[in-house]
Amino acid sequence: MLQNYSKVNDIDAVTIRMASPADIRNWSYGEVKKPETINYRTYRSEKDGLFCERIFGPEKDWECACGKYKGIKHKGIVCDRCGVKLTHSRERRTRMGHINLAAPVAHIWFFKAMPSRLGTLLAMKTSDLEKVIYFQDYVVVEPGNSEETGLLEQQLLTEEEFRQARTKFGDKFEAGMGAEAVKKLLLKLDLGKLSEELRQELQETRSKQRAKDIVKRLKTVEALRDSDNRAEWMILDVIPVIPPDLRPLVLLESGNFASSDLNDLYRRLINRNNRLKKFLDLNAPEVIIRNEKRMLQQSVDALFDNARCRRSVLGSNNRPLKSLTDMIKGKQGRFRENLLGKRVDYSARSVIVVGPDLKIHQCGLPKKIALELYQPFIIRRLKELGYADTIRSAKKMLERKDDEVWDILEEVIHEHPVLLNRAPTLHRMGIQAFEPVLIEGNAIRLHPLVCTGFNADFDGDQMAVHLPLSYEAQIEARTLMLAPHNIFSPASGHPIISPTQDVVLGSFYMTTDHPNERTAERPFASPTEVMTAWSNGKVRTHTKIKVRIAGKKNFVNREGEVEMVDGIIQTTVGRVAFNDILDPRLSYYNVEMTKKALSRVITECHKQLGKKWTLRLLDDLKEFGFKSSTRAGLSFAKGDMRMPDRKPAIIKETEQHVLKIEENFANGIITDGERYNQIIDAWTHTRERIGDEMMAVFKDDFGEDGVTVNSIYMMAASGARGSVEQIRQLAGMRGLMAKPNGKIIETPIKANFREGLSVLEYFSSTHGARKGLADTALKTADSGYLTRKLTDVTQNIVVREIDCQTNRGVHKGAVYKGEHVEVSLADNIRGRSACDTIKDVVSGETVVKSGQIIGEVAASRIEGLGYEKVRVRSALTCETPRGVCVTCYGMDLARGRPVEIGQAVGVIGAQSIGEPGTQLTMRTFHIGGVAARSVAESHITARGGGLIEFRNLRTVETPEGVVVLNRNGELAIMDERDRELERYPVPLGAVVTVEDGQSIKPKTMLCKWDPHNIPIIAERAGKIRFEDIVEGETMKREKEPGSNVRRMVIMEHKGELH
1 MLQNYSKVND
11 IDAVTIRMAS
21 PADIRNWSYG
31 EVKKPETINY
41 RTYRSEKDGL
51 FCERIFGPEK
61 DWECACGKYK
71 GIKHKGIVCD
81 RCGVKLTHSR
91 ERRTRMGHIN
101 LAAPVAHIWF
111 FKAMPSRLGT
121 LLAMKTSDLE
131 KVIYFQDYVV
141 VEPGNSEETG
151 LLEQQLLTEE
161 EFRQARTKFG
171 DKFEAGMGAE
181 AVKKLLLKLD
191 LGKLSEELRQ
201 ELQETRSKQR
211 AKDIVKRLKT
221 VEALRDSDNR
231 AEWMILDVIP
241 VIPPDLRPLV
251 LLESGNFASS
261 DLNDLYRRLI
271 NRNNRLKKFL
281 DLNAPEVIIR
291 NEKRMLQQSV
301 DALFDNARCR
311 RSVLGSNNRP
321 LKSLTDMIKG
331 KQGRFRENLL
341 GKRVDYSARS
351 VIVVGPDLKI
361 HQCGLPKKIA
371 LELYQPFIIR
381 RLKELGYADT
391 IRSAKKMLER
401 KDDEVWDILE
411 EVIHEHPVLL
421 NRAPTLHRMG
431 IQAFEPVLIE
441 GNAIRLHPLV
451 CTGFNADFDG
461 DQMAVHLPLS
471 YEAQIEARTL
481 MLAPHNIFSP
491 ASGHPIISPT
501 QDVVLGSFYM
511 TTDHPNERTA
521 ERPFASPTEV
531 MTAWSNGKVR
541 THTKIKVRIA
551 GKKNFVNREG
561 EVEMVDGIIQ
571 TTVGRVAFND
581 ILDPRLSYYN
591 VEMTKKALSR
601 VITECHKQLG
611 KKWTLRLLDD
621 LKEFGFKSST
631 RAGLSFAKGD
641 MRMPDRKPAI
651 IKETEQHVLK
661 IEENFANGII
671 TDGERYNQII
681 DAWTHTRERI
691 GDEMMAVFKD
701 DFGEDGVTVN
711 SIYMMAASGA
721 RGSVEQIRQL
731 AGMRGLMAKP
741 NGKIIETPIK
751 ANFREGLSVL
761 EYFSSTHGAR
771 KGLADTALKT
781 ADSGYLTRKL
791 TDVTQNIVVR
801 EIDCQTNRGV
811 HKGAVYKGEH
821 VEVSLADNIR
831 GRSACDTIKD
841 VVSGETVVKS
851 GQIIGEVAAS
861 RIEGLGYEKV
871 RVRSALTCET
881 PRGVCVTCYG
891 MDLARGRPVE
901 IGQAVGVIGA
911 QSIGEPGTQL
921 TMRTFHIGGV
931 AARSVAESHI
941 TARGGGLIEF
951 RNLRTVETPE
961 GVVVLNRNGE
971 LAIMDERDRE
981 LERYPVPLGA
991 VVTVEDGQSI
1001 KPKTMLCKWD
1011 PHNIPIIAER
1021 AGKIRFEDIV
1031 EGETMKREKE
1041 PGSNVRRMVI
1051 MEHKGELH
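According to the working numbering, the sequence shown is numbered sequentially starting from 1.
For the record, the hints were derived by calculation from the structure and aren't laboratory data. Each hint should be verified, as a subset may be incorrect.
What the hints assert, rightly or not - Here are the simulated DSS-like cross-link-like pairs (lysine-lysine), alpha carbons at most 27 Å apart as the crow flies: (1) K839 / K869; (2) K212 / K188; (3) K1036 / K1008; (4) K188 / K219.
All of these numbers come straight from a predicted model, not from anything done at the bench.
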């Protein structure tokens, strides 16, 4: 215990283990016999009470309780009157006491915490164990001769059964109640023998469940044997009392006392223990003693873990008292709050505002904060330069804020980075280093492009500043954590320091192409000439022009394809202005600059020119974007929310379709479930259609002058702000809403926000909107907990070696969502190591060797060669002990090169899953409860043309067409040389609309099906015979509400419900 360690630094580790009764008595300095705390008249602690000075040490330094001895000269003397040893009062933080219990009690951790250790060890159910411990049932400890008594060891007997057995067999068996009986059962266990028996049984058993139970029990037995703990220590005869200064009783100004909850719990325990002793001395009736023992057990449970008790002990204001377990567990517990979570000196906190004039490696630090943070460095420099002789005089200069102080502050902060942190820190971008720039005011200024990494915005967010003090910490901050080193996300490899919002909008506005804009008559000789003409007002920003480009150059055209050009190109003035800020070595981008396109520019720059030029480009893009969006002066009014003219017609059409579905249900053609799904589907389709038409209207809206692009469309199309989903709510149709239980309300909101909602529609909306708010609050905590758990299991996974030489791997292909490619093959294999050598089948040239990392160029080439799947090395199949190897892990996506040995890839993985998870839960709030149901897939359309080939398809002719009978059939499209071009799995019950061997054109429908039905289809004609379907037994006829038809419904079997 801590008595042996006077200094905290002497302690290397903390373990929690079982304490034997002997240990508890060894720690103790005396028995606490009375529940009293302090005398309310004298304010001195009561003798033998919870604050007794004889047991726990003196309250005042070197002074005994009665006052006979005072002063350090009597150090170590034990007062003959009051029995207090003269020592320092801090002893009251380390000295423990004990309480001898009148009856044994079970430790709540071992029988209530799941899985119950006591239950596992004794092979008893937790519920049975609880009945015994809380004096409800008897347990047979010694059955005597089982053949004669008919009793088994550990058998439970009710009060009545026990009486009958006692009358019948007398003392031939032994049964008991409470922790005492459990202790006897534990004392009978021979762990060594039990271990051998369990191992033997494990080899012989055939039942999987039995084997599982045996393994659990064996684990507990072996854990007890390995740790030299005894099973009976789970039952306590003596309770330790923690030092009084760790559960203080404080006198408030009002004259009342503020007490730690533990004191109340200890008092209850001592009161009940003393009462039980009295009843035992008086030979009270068994029923009273049993009740007292149960109450003693409950008071010990409450002391150890009040939260786990069936009825928690409540304090004066009806809140559960904080027990010993509550003090050490969870986020506010001893470990996470006090031992792992330290308060940091040299830190500050303030609101953040945007600093558009900063460079990417800088942050604006208020002078007040800097003066406080860099104080020791300023003092040292003041002394070095002779401005101050002592630290005290230097501090005075700081307080006076003399002129010399500001000069020295400028000098001290030079090349001394600070760390900025924004809570919650969900991934490693949550803490980054910056070089401070001194500013006036009280707010920290942040570069607008690093906001994405911090997930910060300027609506009142606060950030903490920390100062790395040692040279090692400063070097680490500079080389690893400086913002310019975190351009790419370690989760995906996409740029995370990337233009957003105003910058994207400005760039898009400049580079957008107006179909109605006039074309300049003559070509320009150079981009410089274009810029001159533009600044003199001879051409407009969106005027289409021809311009000559010097030298050969990559040219990114409107489709995003790269081609080589030399000479005159067709472009717009705005695009020339945009390309003017790019380095001449980069491609000429003749496209609209959306958020994705800007990301592409940054990635290309990083690849071609490296980090230094990328940072320069980012700052130039920021300047260009802000300037352009300011010049554009974009705004939008109610009139900009353009609604499609066909909206009423589409809604009417759907309403008729819904009426038909309701009619079909009333006539018994479809079930209630099918009716519901079909109605939801119909409205989802309608919403999509109105949304598509609305976007088409937005796209073609060029204002009254015919050349002004719709501002709302520009914001969404550029990726600057808002999404099609949000615009659909503004000018399309709000659509279906979800109830808090996740069920979708059948009646959609046909209006949008521009038209305004009716009262009923408004009330339907409140459902979802409230759910959004509640989810944001509750689910964020869950996703944070997921991140914590993921980090917990993966934190040991570190890159250990270069290559584990395994020949195992996983197959990676494109990920499809219906017919649409969600993730391409190239994206899936980029940055991975190839398992096998990949060759160009036609030329025989090697693309990637085995064990080599597949780069971006190689990945695109492999996809172009027509490979469907590629076998790559994976962390899942890596054979490196206690970690992964460089080859199996592949590329460090944040750095764009192979991962380094020692990298904590497990934690990066955990953060890469946890961070988007938290963002998703927060996003619910922004959508406002609109039911996020995608249109269910109901058909397959061929992407290209060719010859149809049926594979493993069993079909049958019906009036509806050719219906598929099996689940694993496929439709393939072949070319003339019989090579497979495409392949589609066909679901059960689909109607195939093509024939085997038929030649088809691209975009031909191959098959269709009802997405909400899994039919059972007969292969042959004949008569139906019911097997085991008996009316009233296994089947009942039910009339569906709203329908005239009585349906046969199979009744659930009772056994299947549990």
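Right, here's what the structure says about each hint:
With a C-alpha separation of about 13 Å, the suggested pairing of K839 with K869 holds against the 27 Å cut-off. Distance restraint check for K212 and K188: the Cα-Cα separation of roughly 24 Å lies within the 27 Å cut-off, and the hinted pair is therefore satisfied. Distance check on the hinted pair: K1036 and K1008 sit about 33 Å apart at the alpha-carbon level, beyond 27 Å; violated. A threshold of 27 Å between alpha carbons decides the hint, and for K188 with K219 the separation of about 19 Å falls inside it, so the pair holds.
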